[in-house]
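The listed protein sequences correspond, in order, to chains X and Z.
Quick note: the first sequence uses my numbering, first residue 372, plus one each step.
Quick note: the second sequence uses my numbering, first residue 528, plus one each step.
Be aware that a few hints might be false.
Claimed, not checked - To give a feel for the contact side, a few chain X residues facing chain Z, derived at Cβ under 10 Å:
{"no.": "1", "residue": "S374"}
{"no.": "2", "residue": "S420"}
{"no.": "3", "residue": "D426"}
{"no.": "4", "residue": "E433"}
{"no.": "5", "residue": "G434"}
{"no.": "6", "residue": "E438"}
{"no.": "7", "residue": "E493"}
{"no.": "8", "residue": "Y497"}
{"no.": "9", "residue": "S510"}
{"no.": "10", "residue": "S513"}
{"no.": "11", "residue": "P571"}
{"no.": "12", "residue": "T589"}
{"no.": "13", "residue": "F597"}
Claimed, not checked - Taking CB as the label site, the calculated pair distances span:
{"no.": "14", "chain 1": "X", "residue 1": "S586", "chain 2": "Z", "residue 2": "E578", "range": "55 to 63 Å"}
{"no.": "15", "chain 1": "X", "residue 1": "G532", "chain 2": "Z", "residue 2": "P582", "range": "48 to 56 Å"}
{"no.": "16", "chain 1": "Z", "residue 1": "L594", "chain 2": "X", "residue 2": "R626", "range": "52 to 60 Å"}
{"no.": "17", "chain 1": "X", "residue 1": "L624", "chain 2": "Z", "residue 2": "A626", "range": "17 to 25 Å"}
{"no.": "18", "chain 1": "Z", "residue 1": "L594", "chain 2": "X", "residue 2": "S586", "range": "21 to 29 Å"}
{"no.": "19", "chain 1": "X", "residue 1": "S420", "chain 2": "Z", "residue 2": "P631", "range": "44 to 52 Å"}
{"no.": "20", "chain 1": "Z", "residue 1": "L594", "chain 2": "X", "residue 2": "G605", "range": "49 to 57 Å"}
{"no.": "21", "chain 1": "Z", "residue 1": "E566", "chain 2": "X", "residue 2": "R539", "range": "21 to 29 Å"}
{"no.": "22", "chain 1": "X", "residue 1": "F432", "chain 2": "Z", "residue 2": "E566", "range": "38 to 46 Å"}
{"no.": "23", "chain 1": "Z", "residue 1": "L594", "chain 2": "X", "residue 2": "M372", "range": "40 to 48 Å"}
{"no.": "24", "chain 1": "X", "residue 1": "K632", "chain 2": "Z", "residue 2": "R639", "range": "26 to 34 Å"}
For the record, the hints were derived by calculation from the structure and aren't laboratory data.
Heads up, the beta-carbon is just placed ideally off N, CA and C, and yes, glycines get one too.
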Amino acid sequence: MISAVIIVLREVLEGVLLICMLMASSVALGHRLRWLPVGLALGVAGAYSYAAFLDPISMLFEGLGQEIISALMLLSVAMALVLHVYLIASQALRLTSGRPSRAVLALCLLAAALSIAREGAEVYLYVYAFGVQAGQMASIMSGAVIGTGIGLSFGTFLYYGLRALSRRACLWTCAGIATMTSGGMVMQATYNLEQADLLPGQQPLWDSSALVMESSLTGEMLQAAFGYEATPTGVQLSLYLAAVLASLVAIVLARLQAARKRETST
Amino acid sequence: MTRSDTGRPRPAAPWCAALALLLACGAGPTALAQTPEVEIQIREHLFYPAEVRIPANTKVKLIIRNLDATPEEFESYELNREKVIVGNSQGIVFIGPLAPGEYPFFGEFNPRTAQGKVIVE
């Protein structure tokens, strides 16, 4: 049961962090959370289909289907997050709640659904094979429920923590989380592409496992938060930095537009 | 009134560049033939062999055959690899080039029993 708790918590943590950030930022942007149930439903449907068709999916592209699809999902979420950072920044700088933007809703929906689909598929496969098929429903399910529960309580804490901040602080914190998460997503996409030999594997630049082990709880938390990697390679680090840079560019663009707008209105 | 300000998101250029770079890198390593292959089997939630020896500084293609009916996730923090292999199926995982040392891996769905390591020498 303990391993079920850990397996499920590991999968849930990253999605919870992302979705709570999306929730807090979209409320701060003046939206209701209408995208949430749709995103959850699409995510669950996606997770089920991904898990159910994982064998044929894996066989695509000469056995590299899982890596390629997973990398595409991760990169799409990362791109959605960079756009989200732009939308957050442009709203935060105008200091008004503005019109609710369809783009925010679409990006939140997409990012939430894709992230649930990717993480949920593994949880589904695990619970189905080792709980339902192996007749271990009680122990696996209680483990899964506890793991999800820990993840959700962490999420609740984070969400209300973010909502307790002033609107501006909340938006900028969310932009920060989105920036870090998009870096982490790109990092994971590079693992997938290296695993499929579509990006070259390299010797790592450094090894910080003596400081924080990736397999430790702190390591897992840091990985969910910003894609912590104890032994990054040159390719991984440059793509990670490119992702973070993309968000910073998005913020600068929003600032420039806000400045231009102030000029024209005075 | 600045009705013309549509606030269209534009930061797509760096992503396009990154993707192009990615595709360009991808074309290189795959063209090299003669990647050594190593087969690992999963039976009764155990890895056979549990220790895989591979040469240093060489890219290796792991072929993981899952002979169980249940799925397993081949995972390694040290190798940065993670792949679900459904029951009675197989998967390919490229690893390396690696520096000499030991790189543990495990089956995420059976972490207590399914353990192994890649020994690079």
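How the hints compare with the structure:
1. S374: This hint holds: X/S374 lies near chain Z, its Cβ roughly 6 Å from the closest one there, short of 10 Å.
2. S420: This interface hint is violated because 14 Å lies over the 10 Å limit.
3. D426: holds (5 Å)
4. E433: holds (8 Å)
5. G434: Hint holds; X/G434 Cβ to chain Z Cβ min 5 Å, cut 10 Å.
6. E438: holds (7 Å)
7. E493: holds (6 Å)
8. Y497: This hint holds: X/Y497 lies near chain Z, its Cβ roughly 5 Å from the closest one there, short of 10 Å.
9. S510: violated (14 Å)
10. S513: Not OK, violated: X/S513 not within 10 Å of chain Z, min 17 Å.
11. P571: Holds - the Cβ of X/P571 comes within 10 Å of chain Z, reaching about 5 Å at its closest.
12. T589: Violated: closest Cβ of chain Z sits about 13 Å from X/T589, beyond 10 Å.
13. F597: Because about 16 Å separates X/F597 from the closest Cβ in chain Z, which is outside the 10 Å limit, the hint is violated.
14. X/S586 to Z/E578: 55 to 63 Å: violated (19 Å)
15. X/G532 to Z/P582: 48 to 56 Å: Given about 50 Å between the Cβ atoms, the range holds.
16. Z/L594 to X/R626: 52 to 60 Å: holds (58 Å)
17. X/L624 to Z/A626: 17 to 25 Å: Hint violated: Cβ distance 41 Å, outside 17 to 25 Å.
18. Z/L594 to X/S586: 21 to 29 Å: For Z/L594 and X/S586 the Cβ distance comes to about 27 Å; the hint holds.
19. X/S420 to Z/P631: 44 to 52 Å: violated (33 Å)
20. Z/L594 to X/G605: 49 to 57 Å: violated (37 Å)
21. Z/E566 to X/R539: 21 to 29 Å: Given range 21 to 29 Å: violated, Cβ gap about 57 Å.
22. X/F432 to Z/E566: 38 to 46 Å: Taking Cβ atoms as reference, X/F432 and Z/E566 lie about 21 Å apart, which means the hint is violated.
23. Z/L594 to X/M372: 40 to 48 Å: Distance hint for Z/L594, X/M372 is violated at roughly 26 Å.
24. X/K632 to Z/R639: 26 to 34 Å: violated (59 Å)
Checked against the numbered hints given earlier, this structure breaks hints 2, 9, 10, 12, 13, 14, 17, 19, 20, 21, 22, 23 and 24; the rest are met.
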